[in-house]
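*Asks:* Each chain, written out:
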Amino acid sequence: MKEKILDRLNTQFKDSIESVNEYRGELTIVVRKSEIGPVCRFLCDDTELRFDSLRDLSGTDYYRPHDRFEVVYNLYSLKNSRRIRIKIRVDESDLHVPSVTSLWPGANWLERETYDMFGIHFDGHPDLRRIYMPEEFEYHPLRKDFPLMGIPGSLTLPRK
Amino acid sequence: MKMDRAPTKTTMEPGEHGEHGERGDRADRGKLKILQALEDQDTSVTFDDPLEHEMVLNMGPQHPATHGVLRLLVRLDGETIVAAVPDLGYLHRGYEKIAENMTYHEYIPHTDRLDYLSPLANNVAYVLAVEKLAGLEVPLRAQYLRVICAELARLASHLVWLGTMAMDVGAVTVLLWGFREREKIQDIWDILTGVRFTTTFTRIGGMANDLSDEASAMIRNFLDQFPENLAQAETLLVRNRIFIDRCEGVGYISREDAIGWGLTGPLLRAAGVAHDLRRDEPYLVYHDLEFDVPVYNDSDVLARFYVRVQEMKESVRIIRQALEKIPPGPVNAADPKRVLPRKERTYGKMEELIHDFMIVNFGINPPIGEVYNAIEGSKGELGFYIVSHGEGFPWRLKIRSPSFVNLQALPPMLKGGMISDVVAVIGSVDPVMGEADK
Amino acid sequence: MPMGISCCAIEMMAFAGPRYDVARFGSEAFRFSPRQSDLMIVAGTVTYKMAHVVRRIYDQMPDPKWVIAMGACTSTGGMYRSYSVVQGIDLFVPVDVYVAGCPPRPDNLLKGLMDIQEKITRGEKPGQREKVYIRETAELDEGKNSRSA
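Chains as they are written, first to last, in my numbering: chain H, 49 to 208; chain V, -8 to 429; chain E, 42 to 190.
Check each hint, because a few of them may be wrong.
[Claimed, not checked] Below, a list of computed lysine-lysine pairs in the DSS-like style, where the Cα atoms sit at most 30 Å apart:
hint, chain 1, residue 1, chain 2, residue 2
1, E, K160, E, K106
2, H, K52, H, K62
3, E, K166, E, K106
4, E, K166, E, K152
5, E, K152, V, K175
6, V, K175, H, K127
[Claimed, not checked] Partner residues are not named here, just some residues of chain V that face chain H (Cβ under 8 Å, in silico):
hint, residue
7, H83
8, K88
9, K123
10, I250
11, G251
12, G253
13, H266
14, D271
15, E272
16, G360
17, G374
18, Y376
19, R387
20, Q399
Derived from the structure by calculation, the hints contain no laboratory data.
Predicted model only: the values in this text are computed from it and were never measured.
Yeah, the Cβ is synthetic: ideal placement off N, Cα and C, and Gly gets one too.
Make a model of the complete structure from these sequences and hints.
*Replies:* In structure tokens:
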């Protein structure tokens, strides 16, 4: 199964795939950031693979000097009952990632959540604003340099 | 309704005389102000076409439809909904950041509070993900026990759903009946786990306690009398003209849209997609158990109602089979470096004491890697994505919560409906804000 | 008025349910409008975003009003020591009775309700807990406590 997916991907996107990993029965493919739109569209529309359901979209902060963030897409194929994970690496200097909301409308809030928690901008997103924290909050909570207890003064309490 | 109000002075100085001869004396200034305001309003009000202007209604975070703190901003054209925007974040407790600071065992009580209507199911989901990451094999007895717990949790969650949805639509009796049944399930949890509600029953490598005979007798008694009570509540609703009129054709979403929005669970099954993780990607021992997956094609509130009621009946079937098939044996895996030992042995034996100390303080240290594991929760697919760097606590833990993704599809479902449909549709989506807001 | 926010709200619904019937104690009617209620039961974790809403609803209640802080999250922030959870609602709302538990059993909440009823019969002002403190510790700090009872 892994070979079949990789074969079909390699027909078009041989240069975009950076690495492939299989761990505990799950296939993870790291793709170049600019190619994520075409790769996802190919995986979704391909008649054999049909990864038509985006189950999860999240970010990870690895806190390393190069390629600090990663955005992870967990896809599921309803036809074949199979999962795949696509990852892209985002460097801190260029936090713009093409959005996949045109392909899956369900990515809307998931991308907003990633923006809220990490500060990664999704280009082409219809309505990119914070979802969990209040609008005027200035920081991105899930980054590793944000303390667990928060920064004093960043959130206001009503008067007693 | 637009009211043109000409700018008039509404306060008067003492000694002043107004246009209509009133005096601005202090003694009767209050009465004159009121009179003047009334006269201003009366003489200068115009009625435009009342349907020309739209109104924005805020169904605020605190509202009696007990679905938690969901804020819904609805743009209305008369009584028809033009657009709706849900606003989340009122219960954002920072679960994912907390997870990065705790060992895997310490995080299990936090998972209870995610979908707080079915706490045992969340425990099972989290522990399955961690065991997949760590490569632990759990004995068969524990797997059957986990199936029983997860299905009981699904029953409890659907009972609250039934009660609150019926109450929102108008039938308050069903709420009290639902809570009566749920109290019986909570008694079972009390005997089985020790806690009524937020149970924290599963452990990495097995369960905290074994299934005692008393508990299994209690479950059997409950299962014997539950189907008739459910049928009683069902007959109250299913033949009710008011209920059917309020629910039929309301909140429709097409099959392609449902897949595109990433809906899972009863919402997807009511839209005609036969997808259930228990059957398509069997985890635990579901491949050994016989059950049907209800699928309806209408994709409205009534279809979702039927799907969930049918699911409750299937859950009863699954628990009965699991109770018969459960094998004797140990309930925890035999891996002393990663599975917590029994407490009484910790106080007596040296090895167990050391292992307990190491596991509690330093964690289980799974290998470096990442894993995503999902189960079929009562709301949909509940998944955990865990990234581990080889330490005792996760580097990143992402909770894929079904309510969060299901709530995204609320605006297209509400468009074109009436205000009173909002409650019915929210009831059918059954969001739990503890999991949607993480 | 039930301010049901998260898991404690479910125990509050059970407390109004058929087994732990709160109607026996005179609280049959759960008024969801703050204008018509005397008692606000805050049940669930209060985040900074929600705190403004809770305070606004508290302000809308007419005097005299009492507040029960139900559960560990409202008393002290509970098990959530994180950036977005208010560590105790007494930081912005005066509280009369704290009910401990996570979530507290419905009988625990009934005891909390009865405590409020006793507090009212004792004639104490709502929102003030200093009197009880002073009465109980008066023997301990004789003369050191200069606050008037």
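*Asks:* Would the hint on G360/V be counted as holding, given a Cβ-Cβ threshold of 8 Å to chain H?
*Replies:* Holds: closest Cβ of chain H sits about 5 Å from G360/V, inside 8 Å.
*Asks:* Between the alpha carbons of K52/H and K62/H, is the straight-line distance 30 Å or under?
*Replies:* holds (14 Å)
*Asks:* Grab the minimum C-beta distance from Y376/V to chain H and call the hint holds if it beats 8 Å, violated otherwise.
*Replies:* holds (6 Å)
*Asks:* Does K88/V hold up as a contact with chain H if the rule is Cβ-Cβ below 8 Å?
*Replies:* With a closest approach of 6 Å, the K88/V hint holds.
*Asks:* Tell me if the straight-line CA distance from K175/V to K127/H falls inside 30 Å.
*Replies:* The given pair, whose Cα atoms are some 40 Å apart, is violated under the 30 Å limit.
*Asks:* Hint check: is the beta carbon of D271/V less than 8 Å from a beta carbon of chain H?
*Replies:* Holds - the Cβ of D271/V comes within 8 Å of chain H, reaching about 4 Å at its closest.
*Asks:* Tell me if the interface restraint on G374/V is satisfied: Cβ within less than 8 Å of some Cβ in chain H.
*Replies:* With Cβ-Cβ at 6 Å, under 8 Å, it holds.
*Asks:* Given the hint that K152/E pairs with K175/V, test it: the Cα-Cα distance must not exceed 30 Å.
*Replies:* Roughly 22 Å between the alpha carbons, so the hint for K152/E and K175/V holds.
*Asks:* Minimum Cβ distance from R387/V to chain H below 8 Å?
*Replies:* holds (5 Å)
*Asks:* Taking 8 Å as the limit, does the beta-carbon of G251/V come near enough to a beta-carbon in chain H?
*Replies:* holds (5 Å)
*Asks:* Taking the closest Cβ pair, is E272/V under 8 Å from chain H?
*Replies:* holds (6 Å)
*Asks:* For the pair supplied as a hint, K160/E and K106/E, is the alpha-carbon distance within the 30 Å limit?
*Replies:* It holds: about 12 Å lies between the C-alpha atoms, which stays within 30 Å.
Of the numbered hints given earlier, the model fails hint 6 alone.
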